[in-house]
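Read off the chains here:
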Amino acid sequence: MSARRGAGIAAIAVLALAASACSSSKSSGGASAAAKDPASVKGTVTWWDTSDATNEAPSYQPIIKAFEAKYPNIKVNYVNVPFADAKDKFKTAAQSGSGAPDVLRADVGWTPAFAQLGYLQPLDNTPALQDASDYMPGPYASDHYNGKIYGVPQVTDTLTLLYNKDLLTKAGITTPPKTWDELKSDSLQIKAKTGVDGTFLDAASYYLLPFIYGEGGDIIDASAKKITVNNATTLKAVGIAQDLIKSGAAVTDVTKDGYSNMQTAFKDGKVAMVVNGPWSTSDDLKGSAFSNADNLGIATVPAGSVKAGAPVGGHNLVVYAGSKNLDASYLFVAFLNDAQNQATIAAKNNVLPTRTSAYSDPQVANNKILSAFEGPLKSAVGRPPVPGASDLFTPLDTDYQAILGGQKSAQDGLNDAATQFAQILPDFSKS
Amino acid sequence: MRPLKSLGRSFDKYWYGWAMAAPVVIVMLVLVGYPFVWGLYLSTTNADESNIGHDIGVNHIPPSYKSVGLHNYWDILSGNDGHFYSTLTWTLIWTFVNVFFHITIGLGLAVLLNRKIRFRGGYRLMLILPWAVPGFVAAFAWRLLYNDNGVFNSVLKYFGMHGVQWLAQPTSAKIAVIAVNVWLGVPFMMVSFLGGLQTIPKELYEAAEMDGASAWQRFRMVTLPGLRPVMMTVTLLGVIWTFNKFDVIFLLTGGGPAGSTDILVTHAYQIAFANIRQYAEAASYGVVILSMLLVFATVYRRSQAKLEVQA
Chain G
1 MSARRGAGIA AIAVLALAAS ACSSSKSSGG ASAAAKDPAS VKGTVTWWDT
51 SDATNEAPSY QPIIKAFEAK YPNIKVNYVN VPFADAKDKF KTAAQSGSGA
101 PDVLRADVGW TPAFAQLGYL QPLDNTPALQ DASDYMPGPY ASDHYNGKIY
151 GVPQVTDTLT LLYNKDLLTK AGITTPPKTW DELKSDSLQI KAKTGVDGTF
201 LDAASYYLLP FIYGEGGDII DASAKKITVN NATTLKAVGI AQDLIKSGAA
251 VTDVTKDGYS NMQTAFKDGK VAMVVNGPWS TSDDLKGSAF SNADNLGIAT
301 VPAGSVKAGA PVGGHNLVVY AGSKNLDASY LFVAFLNDAQ NQATIAAKNN
351 VLPTRTSAYS DPQVANNKIL SAFEGPLKSA VGRPPVPGAS DLFTPLDTDY
401 QAILGGQKSA QDGLNDAATQ FAQILPDFSK S
Chain C
1 MRPLKSLGRS FDKYWYGWAM AAPVVIVMLV LVGYPFVWGL YLSTTNADES
51 NIGHDIGVNH IPPSYKSVGL HNYWDILSGN DGHFYSTLTW TLIWTFVNVF
101 FHITIGLGLA VLLNRKIRFR GGYRLMLILP WAVPGFVAAF AWRLLYNDNG
151 VFNSVLKYFG MHGVQWLAQP TSAKIAVIAV NVWLGVPFMM VSFLGGLQTI
201 PKELYEAAEM DGASAWQRFR MVTLPGLRPV MMTVTLLGVI WTFNKFDVIF
251 LLTGGGPAGS TDILVTHAYQ IAFANIRQYA EAASYGVVIL SMLLVFATVY
301 RRSQAKLEVQ A
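Each protein sequence line maps, in turn, to chains G and C.
Residue numbers for the first sequence, in this note's numbering: 1 to 431.
Residue numbers for the second sequence, in this note's numbering: 1 to 311.
Heads up, some of the hints might be wrong.
One-sided and incomplete, this derived list gives chain G residues near chain C with beta-carbon spacing under 7 angstroms [to be verified]:
{"id": "1", "residue": "K256"}
{"id": "2", "residue": "Q401"}
{"id": "3", "residue": "S409"}
{"id": "4", "residue": "Q411"}
Keep in mind the hints are simulated off the structure, nothing from the lab.
Even glycine gets a Cβ: it sits at the ideal position worked out from N, Cα and C.
Go ahead and model the full structure; you've got the sequences and the hints to work with.
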């Protein structure tokens, strides 16, 4: 079992730009039709968008129309795929060789993994990379794998503490909590004074990361090739999350509907604080609690004993290697991600652009919610640049749920997670 | 040579029969035979998504998986994979409890509805409804009922009790998935038994009544034996279906919380299609599941045949 993925993953280089001689893919060459004569390109581009279907997706429609107007020979087939299903759905389609989209909006964590499996088309020397120097280096790094570039960053994000200002004021709290200890006492105070729950913690393991980073740990140590998910630091971090729930300061939901229940509770003013990212704010603002948008507070996630840290997330636009319409796909990626369209989407959906120049666009600069994320983004922690890293969350979810649900002790749960991690990253040592 | 010759003669004589059957045989071979053999082969390798090999656009990735013999089976049956025996236990409980309730409730309702009562057509229609609802629609509807803010909790809260996170605790989640599957499966059993009841000659009941048999005795001595053929078939079908009942569990809890409601097929699905795709291991699970059902079906049919001889 341990030799399963040996050959593939042993070859993983860190995101450094070390050029590799044994790359399995051939470049399609720089002189593509799209670069020479964009107007002559024909075809249909199927785009799997993973943004929220009701709150975010409508903002893309005018941009797609504008693209089709500019390139009358290209048709865009817009498909909204729920984020939670997109990874498995894309893998199934890509592996079977039919049904995969031409362009996919892929999580930053998936990009190197898909590239390693050969599913993605390198974008070097294609129109898709126009103005690449304008991309923020952090998000852009997630597109590099084995010396090639496999995508462009579309949005970036990090987790923050979102809070209901009215509820905090009612409970007599003037500033949002800065540490998990403060979050605990504030939550209990809110519950006592207003009757609503203080904090709703998502039970997915991605939301555990701020606790782990807060203690100065991580789930793996990529440079030392060590699995650290079950070491003392992580154990302490999980203990903090456990204690929040046991003490009644925070509620959680380990069912399939956990995320939407968290959103509903926060939107309706039934819970005062959540840890969530900028993507959720356009949904929050539709709720009764935030009919006055100023009521939504945004702060850096609370700190643990070492620091305050949340993961850098976001999405890339990637092109499927089996696409029949590569040239059209490059043009679509370039158009969708030019600075102006990025700024428009960012302002409408309250998501953070990845182009430096987009931030000087007045739509972005004047958006209060977006500027509130600047601080939290500065203290955000990059995720380990290992292709298997995004696969680690699935087993960790199961064990984190079992820990929060009281079915396993924290140590047992984390040890089980470490065993699973070792299968995904066979060249990593267990601590 | 003999059989070949007789085969040839039979072909000469009944060539049209062979020709008629050929398309079906070919389709079955392609749709069932090929995947089955391929699955058997995969289960003896270490194939996963990274080494299975594929051609995508300009990328050609050659297959690099290799034979590992029976290692996958050893991994599963020795309990090394850490999931098999706990999942199997729950799968057996799940199957037994479901089939038990399907049959008892289905039989009870069938007997009730077989009598002349007012609005019989209406009752039959209402009881058959769950069957008309596609499984996934039912699962999503029930998920809403079980939700924190769902109907069940609203009722509890109305009476001043605390809401329960139905799908968040292993025990309540297990009860919840069984309840949904019982609700879904009873109509089929009811209709089957209704059909069976109507084949029992009225004269038998009349004769029994003449002999002074009580209602319970008539049920035990006339109805149950009369239903045996139906009972045998639906039990066998019910066990196989329920053992492999994927949609209810997958859509209601996704196997959660923390894998506690995973039955063997949903677990195998997760190995094959969630996260890292371990095709070889999932294929081995498939073979193990198939073998268990084959053994069960054989033993069950034998024992029933014996009963029939005795009766």
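We went through each hint and held it up to the structure:
no.	hint	verdict
1	K256	5 angstroms, holds
2	Q401	5 angstroms, holds
3	S409	13 angstroms, violated
4	Q411	15 angstroms, violated
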